[in-house]
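> Full structure from sequences and hints, please.
Chains as they are written, first to last, in this note's numbering: chain A, 2 to 208; chain B, 2 to 208.
Some hints here could point you the wrong way.
Which copy is meant is left open, so a pair is good if it fits within one copy or across any two.
[Unchecked claim] EDC-like cross-link-like pairs, simulated, lysine to aspartate or glutamate; straight-line CA separation at most 20 Å: (1) K132 / D95; (2) K123 / D95; (3) K158 / D169; (4) K52 / E85; (5) K77 / D208; (6) K158 / E108; (7) K123 / E108; (8) K77 / D195; (9) K158 / D120.
Honestly, the hints are just simulated from the structure, not real lab data.
Here is how the chains run, residue by residue.
Number of protein chains: 2
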Amino acid sequence: MTSVSEIPDIVIGRLPLYLRALNQLVSQGQTITSSHELGQQLGISSAQIRKDLSHFGEFGKQGTGYQINHLMAQLKQILQVNREWSMVVVGAGDLGRALAHYGGFVERGFRVVGVFDNDPSKIGTGSGDLKVRNINDMNDFVRERAIKIAMLAVPGKVAQAICDSLVDGGVRAILNYAPITLSVPENVHVQYIDPVMHLQRMTYYLD
Amino acid sequence: MTSVSEIPDIVIGRLPLYLRALNQLVSQGQTITSSHELGQQLGISSAQIRKDLSHFGEFGKQGTGYQINHLMAQLKQILQVNREWSMVVVGAGDLGRALAHYGGFVERGFRVVGVFDNDPSKIGTGSGDLKVRNINDMNDFVRERAIKIAMLAVPGKVAQAICDSLVDGGVRAILNYAPITLSVPENVHVQYIDPVMHLQRMTYYLD
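Okay, structure coming up:
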């Protein structure tokens, strides 16, 4: 088992894929799987899967496969998703509202606890944790509640300023839906969700 | 210049990143850039960028950098986004509606021309191309209009069946927002957008 700092980011990036595939197998009633089966489902070689998992210790025995529940528990622990994370959504447009109401977060360990916008016609709409708050209160909100994760669903031209304020308030992980590249300090992680980039990656292959 | 089939998919996957970064530089008024500058913006080594671009020919001269407009035009041609692609959105929930109304598609070469759902209370709502159609008409619609791209914003339990129908109708590229892994023939490309997977990839690094 190597120390955490030696594990390549690209390996970390595949662990959520494995977790999702295992989840799917469980929902089909399966209790045991193999690197071969996982590989076929994901389009990744079984050797790669075994190598990735070997960074974190021994998960399966040659010939007997993986106990799915055990492997999932281990992956959740490694990824630190064996707990619940609070998040804020910034931007209460179509996409922000879709994110705020997305049913898939809570069951996988994430909970939206605040939604922010600068549009007076949106502030105050919604209810409970999903009532839209004034963006001027965002920095204090994340600081006081020690919130580490934000989802950014705002126009590109304001995204960097909002990002800076979130980081100043202590946010360390940003899921960015705005179509720009954000500048952040080294200890802040950004993941980009830009549907056009995914589409562009596929059109290359179309006739 | 190597032939298309030899270019690794991982290189293709970085080209949209380059295109977006170049777009951002242009919007800041810049006309020339360097692999060094691009690399700093994207967190990719300048050597990697030069190597990626060298698959497609000569784009820059040593010491003079890249003409941004020329490089962008070439990347668009390579990715086949120097034209407009028609797409359908399947699922007219919060997310499907956000996708159908997303302003960032048309300016980057993608246009939603049909939205489908199976919910009678949604069918017929909306207007123009974005009027929600009956999902029973989806297969004919994509076939008759030779639509190659679909975005899937439906619950996981119906995603595979809808995917099969889209593929049967001639769709060859699917942007999947449903939280399951789709099975498709080899000539069909799938990209996954699952915010939880991106979040899980970042929680690994949080204290």
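> Now look at each hint and say whether the structure bears it out.
The hints, checked one at a time:
1. K132 / D95: Cα proximity of K132 and D95: in one copy and across copies (15 Å, 16 Å).
2. K123 / D95: Cα proximity of K123 and D95: in one copy and across copies (11 Å, 16 Å).
3. K158 / D169: For K158 and D169, the Cα distance is within 20 Å only inside one copy (19 Å; across copies 41 Å).
4. K52 / E85: This pair counts as neither: shortest intra-copy Cα distance 29 Å, inter-copy 42 Å.
5. K77 / D208: between (40 Å within a copy, 15 Å between copies)
6. K158 / E108: Result: close only across copies, 16 Å inter versus 33 Å intra.
7. K123 / E108: neither (27 Å within a copy, 26 Å between copies)
8. K77 / D195: Close across copies (17 Å), not inside one copy (26 Å); limit 20 Å.
9. K158 / D120: within (15 Å within a copy, 36 Å between copies)
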